[in-house]
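Given the sequences, and given the hints that come with them, work out the whole structure.
Protein chains: 2
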Amino acid sequence: MPLASKTAEWKDLTEHVHAMKNTHMKNQFAEDAERFSKYNVRLTGDYSFDVMLDYSKNKVNDETMKKLFALAKARGVETHRDKMFKGDKINTTEGKAVLHTALREKSPRKEVADVKAKMKAFVLKVRKGEWVGSTGKKITDVINIGIGGSHGGPEMVNNALKNQGGSITIHTVSNVDGAHLARVLGRTKGAESCLFIITSRNMSTTETVLNASTSKDWCKRHMKKEFDVAKHFVAVTNNNTTASEFGIPADNCFEFWDNVPGRFSIWGSVGLSVAINIGWGNWEQFLEGGNNMDNHFKNAPLEENMPMIMGLLGCWYRNFLKHSTHAILCYDEALSKFSHYYQQVDMESSGKHVTMEGEEVDYETGHILWGETGTNGQHAFHQLLHQGTEIVPADFVCFAKCIQDEEFIPKRHHQVLLSNCLAQTEVLMKGRTPQDVKEAEPDCRGDLLKHKTYQGDRPTNTLIFRKLTPYALGNLMALYEHKVFVQGAIWGINSFDRFGVDLGMANADTIEPLFDENTTEYGDRDSSTVGLIRYIKELQVFNPFA
Amino acid sequence: MPLASKTAEWKDLTEHVHAMKNTHMKNQFAEDAERFSKYNVRLTGDYSFDVMLDYSKNKVNDETMKKLFALAKARGVETHRDKMFKGDKINTTEGKAVLHTALREKSPRKEVADVKAKMKAFVLKVRKGEWVGSTGKKITDVINIGIGGSHGGPEMVNNALKNQGGSITIHTVSNVDGAHLARVLGRTKGAESCLFIITSRNMSTTETVLNASTSKDWCKRHMKKEFDVAKHFVAVTNNNTTASEFGIPADNCFEFWDNVPGRFSIWGSVGLSVAINIGWGNWEQFLEGGNNMDNHFKNAPLEENMPMIMGLLGCWYRNFLKHSTHAILCYDEALSKFSHYYQQVDMESSGKHVTMEGEEVDYETGHILWGETGTNGQHAFHQLLHQGTEIVPADFVCFAKCIQDEEFIPKRHHQVLLSNCLAQTEVLMKGRTPQDVKEAEPDCRGDLLKHKTYQGDRPTNTLIFRKLTPYALGNLMALYEHKVFVQGAIWGINSFDRFGVDLGMANADTIEPLFDENTTEYGDRDSSTVGLIRYIKELQVFNPFA
Numbered sequence: 068m069p070l071a072s073k074t075a076e077w078k079d080l081t082e083h084v085h086a087m088k089n090t091h092m093k094n095q096f097a098e099d100a101e102r103f104s105k106y107n108v109r110l111t112g113d114y115s116f117d118v119m120l121d122y123s124k125n126k127v128n129d130e131t132m133k134k135l136f137a138l139a140k141a142r143g144v145e146t147h148r149d150k151m152f153k154g155d156k157i158n159t160t161e162g163k164a165v166l167h168t169a170l171r172e173k174s175p176r177k178e179v180a181d182v183k184a185k186m187k188a189f190v191l192k193v194r195k196g197e198w199v200g201s202t203g204k205k206i207t208d209v210i211n212i213g214i215g216g217s218h219g220g221p222e223m224v225n226n227a228l229k230n231q232g233g234s235i236t237i238h239t240v241s242n243v244d245g246a247h248l249a250r251v252l253g254r255t256k257g258a259e260s261c262l263f264i265i266t267s268r269n270m271s272t273t274e275t276v277l278n279a280s281t282s283k284d285w286c287k288r289h290m291k292k293e294f295d296v297a298k299h300f301v302a303v304t305n306n307n308t309t310a311s312e313f314g315i316p317a318d319n320c321f322e323f324w325d326n327v328p329g330r331f332s333i334w335g336s337v338g339l340s341v342a343i344n345i346g347w348g349n350w351e352q353f354l355e356g357g358n359n360m361d362n363h364f365k366n367a368p369l370e371e372n373m374p375m376i377m378g379l380l381g382c383w384y385r386n387f388l389k390h391s392t393h394a395i396l397c398y399d400e401a402l403s404k405f406s407h408y409y410q411q412v413d414m415e416s417s418g419k420h421v422t423m424e425g426e427e428v429d430y431e432t433g434h435i436l437w438g439e440t441g442t443n444g445q446h447a448f449h450q451l452l453h454q455g456t457e458i459v460p461a462d463f464v465c466f467a468k469c470i471q472d473e474e475f476i477p478k479r480h481h482q483v484l485l486s487n488c489l490a491q492t493e494v495l496m497k498g499r500t501p502q503d504v505k506e507a508e509p510d511c512r513g514d515l516l517k518h519k520t521y522q523g524d525r526p527t528n529t530l531i532f533r534k535l536t537p538y539a540l541g542n543l544m545a546l547y548e549h550k551v552f553v554q555g556a557i558w559g560i561n562s563f564d565r566f567g568v569d570l571g572m573a574n575a576d577t578i579e580p581l582f583d584e585n586t587t588e589y590g591d592r593d594s595s596t597v598g599l600i601r602y603i604k605e606l607q608v609f610n611p612f613a
Numbered sequence: 068m069p070l071a072s073k074t075a076e077w078k079d080l081t082e083h084v085h086a087m088k089n090t091h092m093k094n095q096f097a098e099d100a101e102r103f104s105k106y107n108v109r110l111t112g113d114y115s116f117d118v119m120l121d122y123s124k125n126k127v128n129d130e131t132m133k134k135l136f137a138l139a140k141a142r143g144v145e146t147h148r149d150k151m152f153k154g155d156k157i158n159t160t161e162g163k164a165v166l167h168t169a170l171r172e173k174s175p176r177k178e179v180a181d182v183k184a185k186m187k188a189f190v191l192k193v194r195k196g197e198w199v200g201s202t203g204k205k206i207t208d209v210i211n212i213g214i215g216g217s218h219g220g221p222e223m224v225n226n227a228l229k230n231q232g233g234s235i236t237i238h239t240v241s242n243v244d245g246a247h248l249a250r251v252l253g254r255t256k257g258a259e260s261c262l263f264i265i266t267s268r269n270m271s272t273t274e275t276v277l278n279a280s281t282s283k284d285w286c287k288r289h290m291k292k293e294f295d296v297a298k299h300f301v302a303v304t305n306n307n308t309t310a311s312e313f314g315i316p317a318d319n320c321f322e323f324w325d326n327v328p329g330r331f332s333i334w335g336s337v338g339l340s341v342a343i344n345i346g347w348g349n350w351e352q353f354l355e356g357g358n359n360m361d362n363h364f365k366n367a368p369l370e371e372n373m374p375m376i377m378g379l380l381g382c383w384y385r386n387f388l389k390h391s392t393h394a395i396l397c398y399d400e401a402l403s404k405f406s407h408y409y410q411q412v413d414m415e416s417s418g419k420h421v422t423m424e425g426e427e428v429d430y431e432t433g434h435i436l437w438g439e440t441g442t443n444g445q446h447a448f449h450q451l452l453h454q455g456t457e458i459v460p461a462d463f464v465c466f467a468k469c470i471q472d473e474e475f476i477p478k479r480h481h482q483v484l485l486s487n488c489l490a491q492t493e494v495l496m497k498g499r500t501p502q503d504v505k506e507a508e509p510d511c512r513g514d515l516l517k518h519k520t521y522q523g524d525r526p527t528n529t530l531i532f533r534k535l536t537p538y539a540l541g542n543l544m545a546l547y548e549h550k551v552f553v554q555g556a557i558w559g560i561n562s563f564d565r566f567g568v569d570l571g572m573a574n575a576d577t578i579e580p581l582f583d584e585n586t587t588e589y590g591d592r593d594s595s596t597v598g599l600i601r602y603i604k605e606l607q608v609f610n611p612f613a
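So the sequence lines, in the order shown, correspond to chains P and G. Under our numbering, residues 68 to 613 are what the first sequence spells out, in order. Under our numbering, residues 68 to 613 are what the second sequence spells out, in order.
Please note: incorrect hints may appear among the correct ones.
Since the list gives no way to pick out one identical chain from another, each pair is judged satisfied if it fits inside one copy or across any two copies.
Stated by the list, open to error - Calculated cross-link-like contacts (lysine to any residue; reagent style SDA-like; alpha-carbon spacing at most 25 Å):
#: 1; residue 1: K156; residue 2: D510
#: 2; residue 1: K468; residue 2: I600
#: 3; residue 1: K389; residue 2: E457
#: 4; residue 1: K183; residue 2: K205
#: 5; residue 1: K478; residue 2: L277
#: 6; residue 1: K88; residue 2: E457
These aren't lab readings, by the way, just hints derived from the structure by calculation.
Shown next as structure tokens:
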């Protein structure tokens with residue numbers, strides 16, 4: 068496939084930018100009463116699920132959308148999508164299929180169903196208190212040890228849905244920094260009632276191996292001779308041999324399917340801690356929610372297809388209007404980890420400089436993806452969104468109902484939250500002229516008028532769901548996964564490998580021995596790296612506070 | 068002051084970009100053995116404090132630095148700095164001085180010393196268990212209710228230093244989302260032993276007022292007639308009248324100094340929860356650490372001044388090399404909230420489109436500031452940092468010693484952590500050519516060579532401290548505060564106001580009543596805002612899962 072920039076549709080959009088630069092969204096709204104009803108998509112599902120994507124507050128008109136859909140056609144996005152669902156090896160550099168969607172099918176294939184059945188039996192046993200530790204205690208704390216995709220999904224979903232049931236506390240440890248493990252273990256009810264889930268495809272990730280081994284030693288310290296590894300450790304892996312060497316029998320191993328990249332793996336055995344946390348019924352609903360979005364992505368026409376629209380708008384801003392970042396602002400404190408989680412899904416998939424065929428791209432790929440929950444972000448960085456010089460296209464995500472329904476929380480909390488969400492997108496779109504300021508504040512000092520002016524014309528999507536249920540969260544996550552897919556297909560890159568991660572890990576392995584106090588030769592490394600190693604060693608030797 | 072872009076020094080730098088585009092950092096290192104020793108600054112302080120800024124892995128040469136220092140001179144950054152320390156009203160739009168540095172002076176002026184004395188007495192009382200709730204119980208949980216600057220600092224510092232002492236658990240609630248308050252209150256040991264700190268300059272911020280009022284009602288529910296507001300609520304505010312109406316007597320009010328913008332306020336009474344958490348001695352050391360950096364910023368020559376250098380490099384990348392984002396990657400899990408916290412300090416200060424004089428800028432101000440802890444980020448978004456098309460200048464922050472020194476954590480955790488930090492900056496600088504790949508992997512498939520290539524030449528700073536003590540954290544935070552100051556002075560903007568936040572809040576107030584079920588008139592709002600309000604109301608009415 069040629070570079071996207073070589074297509075007529077791409078060049079057409081490049082031209083179209085000039086026309087769009089002279090528009091302002093507030094005029095587009097004034098001129099077209101139908102703008103909202105034209106630019107939105109609604110999707111429903113089981114359990115009264117309901118969601119709307121409003122994309123009317125984007126810097127587009129009918130022509131822009133037509134040209135973007137034409138680009139999708141020219142790049143064969145739909146064909147590529149169908150290949151993914153069919154199980155073609157679209158991860159060409161690694162020769163693999165990409166089948167996270169198969170994990171959430173209603174009637175999954177046998178290899179998926181088998182793992183699910185094994186997970187279910189285990190989850191029920193742990194939740195019912197039938198799984199006991201070496202000294203006979205029920206499990207009170209489950210600690211997922213993993214990093215990257217083996218961490219981000221479990222952490223985010225456990226945090227989001229934590230009030231869905233279960234009396235067991237879930238923790239996640241990812242960082243090799245001893246502060247992470249020490250602090251988490253300090254929060255548990257003690258080694259005797261801890262269950263560790265070692266999540267690592269190959270059981271070879273340095274961080275995970277080290278954290279697992281230190282955790283095992285910690286258990287031994289506390290339970291001494293009574294300690295039985297198999298009663299406190301299970302593994303999510305496809306390397307049962309190493310797991311067994313560690314002391315985890317095959318019965319405690321849950322297969323980490325090779326056709327699923329880490330960052331898309333939460334839907335299978337990597338979600339084990341989530342299933343324990345929310346219970347099996349809720350876990351199934353989580354998968355069903357993802358499956359509902361899969362069906363929408365597969366079947367809805369381009370023009371009414373949420374992931375297609377969001378992905379195309381992503382390219383529009385990245386490649387044509389040249390905005391390098393994209394913010395996700397969830398107006399829900401339960402989603403405080405969502406933008407962190409999605410950072411990996413998006414940036415690890417899209418941060419590529421060559422196409423599938425190995426050709427250097429001559430256009431931008433990937434956004435810097437960032438965000439915070441609202442209203443927190445309003446009191447932090449929205450100043451820049453409203454009055455800064457950099458345009459940040461943003462998705463505002465909210466829920467009509469609050470996930471917490473404690474009686475003592477007045478309804479007003481949620482109405483204020485939603486009012487703020489809508490007020491932000493309204494202001495970003497409309498802005499405020501000096502004339503507006505004068506009308507609102509007749510006594511405003513003349514020299515402050517410009518300081519109180521907002522340019523407006525800043526693009527946002529709004530996604531509104533009924534409520535943050537497991538089903539809704541599954542749906543939301545699948546939506547963003549597919550958005551990444553669409554962008555990758557337009558750019559012609561492989562969204563599913565990650566060769567940019569390997570070299571740093573390899574170099575770390577060669578730096579580590581240089582910290583040995585007896586080492587004085589540093590090879591041909593640059594003066595900065597050597598200088599820093601020396602400085603660290605100097606600081607480590609003397610320290611009255613150690 | 069004219070626009071920065073009108074100065075000869077600015078134009079000179081614009082020209083200089085062309086020369087620099089043809090360099091690669093790895094060649095600069097190869098050609099100059101002194102590069103590391105030339106481009107670093109070391110600073111020491113009390114309690115064996117030691118820090119180094121290595122800026123040799125930046126896309127600069129001697130000429131670049133000379134031109135940047137010349138720009139700083141031309142913009143009068145040093146003079147502006149001196150005005151800030153002297154207490155001149157440099158926040159011109161609001162007619163205020165900017166005196167967060169005065170809060171950390173060793174012998175503070177009377178108004179500061181008085182508040183400190185009041186804080187100290189209160190902190191000792193709470194920590195000793197002498198402050199008791201309505202039913203006679205000692206305090207077990209302190210909940211800071213505030214948002215923006217009244218939240219970010221306390222949350223980050225409490226999280227970073229939480230193992231420094233004290234048996235009381237600190238919580239923070241910021242979001243108006245009821246999920247935030249409900250979840251935090253659910254984690255406390257119960258209303259009888261809770262102490263709430265209401266942190267709000269004017270006691271009028273909607274989020275804070277609502278969370279405070281719901282918390283008071285929650286206490287009433289649990290303690291009924293025994294409940295005495297004054298025993299469970301204190302305020303950090305300069306509005307004692309409203310505090311008193313709420314039930315908080317003047318004795319329980321700690322002054323929120325008007326000469327300190329919220330995002331710089333952690334150093335005074337806003338840090339009350341921190342002082343309770345870490346103890347008064349540690350709190351004093353935290354202030355001393357900040358003061359050490361203030362003295363460095365005030366006294367070190369431009370060329371050896373950390374905040375000056377970091378601020379100038381920020382402008383170099385933002386305005387001349389056109390990189391719109393900046394990442395802070397702390398290789399320390401205790402600093403997991405640092406980039407979030409600093410997002411406000413930086414983006415709310417620098418996201419401005421007019422100069423102090425109200426003139427529209429014709430250059431970029433502010434970066435999108437983002438980040439994560441390492442090594443977590445490596446397994447999430449470093450793919451894009453290494454192989455993406457967008458250059459992200461980044462600060463790597465690490466500590467020679469681990470903050471946690473539990474005996475059961477092997478030393479290797481920390482050495483691996485540091486090795487990874489150094490390996491990342493090494494790889495970002497050097498990159499990897501197809502030839503390098505062939506040498507390392509002779510059997511590599513030819514079509515994969517490009518996929519395994521890294522361009523390198525990507526800029527980073529490295530900051531290494533001895534250990535994450537209160538003193539070191541104070542120092543680090545003051546460093547970044549002053550970096551923001553330097554950038555603002557170059558751009559000629561007012562870094563201390565935030566007019567871009569007001570309009571959204573005002574519009575939210577007018578949207579809220581529209582959610583009333585009897586409202587059917589929506590005024591002249593745009594079709595999107597009205598359509599979304601209607602949709603939300605539809606979803607709120609019917610919900611079998613509510």
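Hints and how they fare:
| no. | hint | verdict |
| --- | --- | --- |
| 1 | K156 <-> D510 | between (66 Å within a copy, 22 Å between copies) |
| 2 | K468 <-> I600 | between (53 Å within a copy, 13 Å between copies) |
| 3 | K389 <-> E457 | both (10 Å within a copy, 11 Å between copies) |
| 4 | K183 <-> K205 | within (23 Å within a copy, 48 Å between copies) |
| 5 | K478 <-> L277 | between (47 Å within a copy, 11 Å between copies) |
| 6 | K88 <-> E457 | both (15 Å within a copy, 23 Å between copies) |
In the structure shown, no violation is registered for any of the earlier numbered hints.
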